[in-house]
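*Asks:* Sequences listed follow chains A and B, in order. Here this note's numbering is used: the first residue of the first sequence is 2, the next is one more, and so on. Here this note's numbering is used: the first residue of the second sequence is 6, the next is one more, and so on.
Don't take each hint at face value.
Unchecked claim - If we take Cβ atoms under 8 angstroms as the criterion, some of the chain A residues that face chain B in the derived model are:
#1 V87
#2 K189
#3 S285
#4 S287
#5 H290
#6 H376
Stated by the list, open to error - A few chain B residues facing chain A, derived, Cβ under 7 angstroms:
#7 W51
#8 E91
#9 P133
#10 E138
#11 Q141
#12 E143
#13 L157
#14 R159
#15 F161
These aren't lab readings, by the way, just hints derived from the structure by calculation. Quick reminder that beta carbons are idealized off the backbone N, C-alpha and C, glycines included.
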Amino acid sequence: MTGRRSAGISRRNLLTGTAGLAGLGVGAAAVGLSVDRTPAQAAAGGQTVPFYGARQAGVTTAPQAHANFVGLNLIDPGDVASLAGVLNVWTQDAAGLTAGRGSLADTEPELATDPSRLTVTVGLGPRVFEVPSLRAKRPGWLRPLPAFSIDRLQERWGQTDVLLQIGSDDPVTLAHATRMLTASVRSKLRVGWVQRGFRTARGTHTDGRTMRNLFGQVDGTVQPPGDRDDLLWEDGSGGQPWLAGGTSMVLRRIAMHMDTWEELDRPGRELAVGRTLDSGAPLSGSREHDDPDFTKTEGGIPMIPASSHIARAHRQADHEQFLRRAYNYDEPPEQPLLPEPVEGGDTSNSGLIFATYQRDPVRQFVPVQQRLADHDDLNTWTTPIGSAVYVILPGATEQSSLGSSLFTP
Amino acid sequence: MAIRRSLRAATILLSVAAPLLVLTACGDDNDTSTSEADQLTVSDQWVKAAPDGMTSAFGTFTNTGDRQVRIVSASSAVAASTELHEVVESGGTSTMQEKKDGFAVPAGESLTLKPGAEHIMLMGLKQPITTGESVQIELRFADGSTQTVTALARDFSGNQEDYQP
């Protein structure tokens, strides 16, 4: 392509015209100028995250810039033998894709050469465990979340039998990996939904900065301590030895209503969440990771309102902690804007793909969600429209596929 | 990827514990020298899922020995007949045909069977080959030794060449 060739021409030549580009037309010159880049920068595309391990990657992996959450359903719900086979195929493909080798039978292997920290994470939904052979292996917590008063759940974002969470810093790699993984098993699993999520592009900041959601809020500051594996990972001690190395995922799709959020002034926004918008510091502190002080007052009034999001979400017990790994979504508005906006209809279709991981969602996640449903100032501007729970399988090794501990009698 | 010779083929028809690469070398030859089967490792093997009729199997054959090995035939319980195929170009169209001399792999080299090139053709399927199912294929070598390869079936829309035996 023209861009490639023009890149070899120095910028100085372009500016002084000595490269003779005039004859190539505006397009070539424009492309040449736009590819002025620093060659010393190491390419991020070659970075890999190991697929094999006792625990699946993609949970504690630093979130990649892009993720596809793919919900799939068994075409024949009772065909558990097929599901075991599907997991074998995915183990082969994920091992190849995450290493940059492509899947087996990869039809576009050139799209697999830059994994860009690609991870593939697989979960199973409750219905899988309804077949007689798996009934006894169902984790007690693997069931739909209770109905919350704030929910306006849409079937199209609902529970599925299987979840593929695919993350990469490169959206082209991500699209290809998603295609390969779904195409290779299409006679067994049908895609129900794809939730495309994004964060700040890799390289925009130094790595490790907390993301911002589309309300502009720093989102995901509160995380369990890194040494608290007991909050995150199953060790098989709860009567389900097969589950050692697994965890759970709650996936909530939360619409964020930009139209009404934009009506709110800045102090109102900060009081609703309990944090400043610029640094994400709690209103009682000055830095993002300062512990919020809910007792601190100013003029007799709590600096962090008791009804604010962080006050309501704050853990009331040690076990009310879970890993937050959210992504933004931003899709075309669903209400037609012409000839006139629909009354009450959003002119945006933005929100959060709120993925949380915890050892036991019923014990750790539900009490927090229940408090937020009972009251959270932010609820005025947000609506949960999708909800699903999955068991994230223990990891695969070179000797044992995903799901082997589940399907081996 | 590792070859797991210790697993017996009979135990792995629908195995989930170690499905990635399983093959069993059967020492048909009684002499003490290394058989052709022992010299060959098979990796990344797979078979295209098919409801009936015919389908193909693929993989990478690596000769780890110091002399050429030649696969002269293949067979599988799932197919009435099995042939070793190549794809040849003539007059701008590619046609698959049986490779009568088999697949030769020179010492220290690899041969990759892939769509649009060499492949193992399974014909007259006796049952559907469904995605995620393991299919066993026995390879027979020029020296009479055999090796059983277990290939996982997957959905794949390529390798559509129509074959009229």
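*Asks:* Checking each numbered hint in turn, tell me which of them this model violates, lowest number first.
*Replies:* 3, 4, 5, 6, 8, 9, 11 and 12
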